[in-house]
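Colleague: Each chain is listed here by its residues.
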Amino acid sequence: MGMPETTASLENAGEPWNEEALIRRIRQGEHELFYELIRPYERRVYAATLAILRNEADAEDAAQEAVLKAFKHIRQFRAEARFSTWLIQIAVNEARMRRRKQQAVVMEPMVDPQDEEGQYTPRDFADWREIPSETLERAEVRQKLAEALNSLGQKYREVFILRDMQQLSIEDTAKALGISVPSVKTRLLRARLMLRDLLAPGLGGNWSKALSFAKGNKPW
Amino acid sequence: MVMQCAEVWREISNYLDDQVDPGLRAAMEEHVRGCKHCTAVLIGTRNVVQLYGDERMLEVPLGFSQRLHRRLEEGMPRRRGNALGWMMALGFAALLLLSFEVGNSSQAFGPPGLRSEMARSGIHIPADLVVVAVGDGRIFHVPGCKFIHDKDKLQTMTAGEALRAGYAPCVRCLKKYLSERKSIGPMEAESARLEQDPD
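Taken in sequence, the protein lines are chains A and B. Number 13 in this note's numbering belongs to position 13 of the first sequence; there are no gaps in the numbering. Here this note's numbering = 1-based position in the second sequence + 220.
Please note that the accuracy of each hint is not assured.
Covered, in the sense of this in silico footprint (three residues per stretch, anywhere, with C-beta under 8 Å from a C-beta of chain B), are these stretches of chain A [stated by the list, open to error]:
hint : region
1    : 57-64
2    : 134-142
3    : 178-190
Bear in mind the hints are in silico, worked out from the structure with no lab data behind them. We put the beta carbon where it would ideally sit given N, CA and C, even for glycine.
Extracted from the complex, chain A is given alone in its bound form (with noise of 0.2 Å):
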């Protein structure tokens, strides 16, 4: 797998500020300073792997892998770059290369009825319900958020996963699956749309009867 060269600017102020420093004294032989920089970005890791891979061990393995590939390339890291963009990048292309190895036996459940191009028709549910993050509590409903995300095609999951769950940039997600900007947006708007369509009924309805929640209350 050649690692992927990025050239973002370090604009986020969520960056450790001393992860160049880091990365450098890394280089020069304090190995064990990499533990201290992959640790905020570890749970990232994991999740890009997931995202492509939907197997736990898997995913886990290869975010493992990922992880000591990033350690070994180190040196082809450009300073320019966002370590974590490039670490994701690394993520993604260990668990897009596992998966090709799989594909023979996976099975793709998509959830893509019409093409990426095409416009996207939202069904029409009448509830319009805010939901509460309490109702994440419910195991069944975790289950069940999780089962709808599963069912959705790589490249919607890939983009949905990086964008809403790891709270990537539009352009950071872009760089780390090697997408252009506008088809993030393509995709990642299918993905919301669809999974929209996937949990109305029941986040309307049977997962949350319940619960209390504040009806008709319209954000504008």
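Dock chain B against chain A, hints included.
Modeller: Relative to the frame of chain A, chain B by itself:
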């Protein structure tokens, strides 16, 4: 600007990401106010973004971080040595040198080298204590020790002679004289002999 439902749906994601200009935003909100379907789509989509954005939605497996670090540790090249490592190595070398010097200073009674890895140096063993050593063995014993295995090849000698010949004291029958990492010295030997046999 008057918008159609399809136009609203196309921009809903950008709207939620705050990536629409103020004019478009106002037009969308104007449309949504009067359209039940688009209201449902917008709120449902916002629900999706908020719920999946919650960190509870992604549970990293228990022990993930530890396993990751272990894998990294295995994959990292072995260090040739850092400052602490060098300091420890120097300290260890100094200890070795010191013990070598101490060993030389008590060469008269100290063993030239124990023949058994299991054996320990003796201390307070009376130098003139009569002991038996197994001829081609490594250990010397008090006569009659039940741990003498090859009784046909016994040599009788003093403890001092046995130690000088490189025999190690039996850790059972001579247990009371033993202590780790110490060698018998002439003063100690005499003192021990007097303690045991004042006449």
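Colleague: Confirm or reject each hint.
Modeller: Do the hints match the structure? See the list:
1. 57-64: Check passed, 3 qualifying residues.
2. 134-142: Satisfied; 4 residues make the cut.
3. 178-190: With 3 residues closer than 8 Å to chain B, the region 178-190 of chain A meets the three-residue bar; holds.
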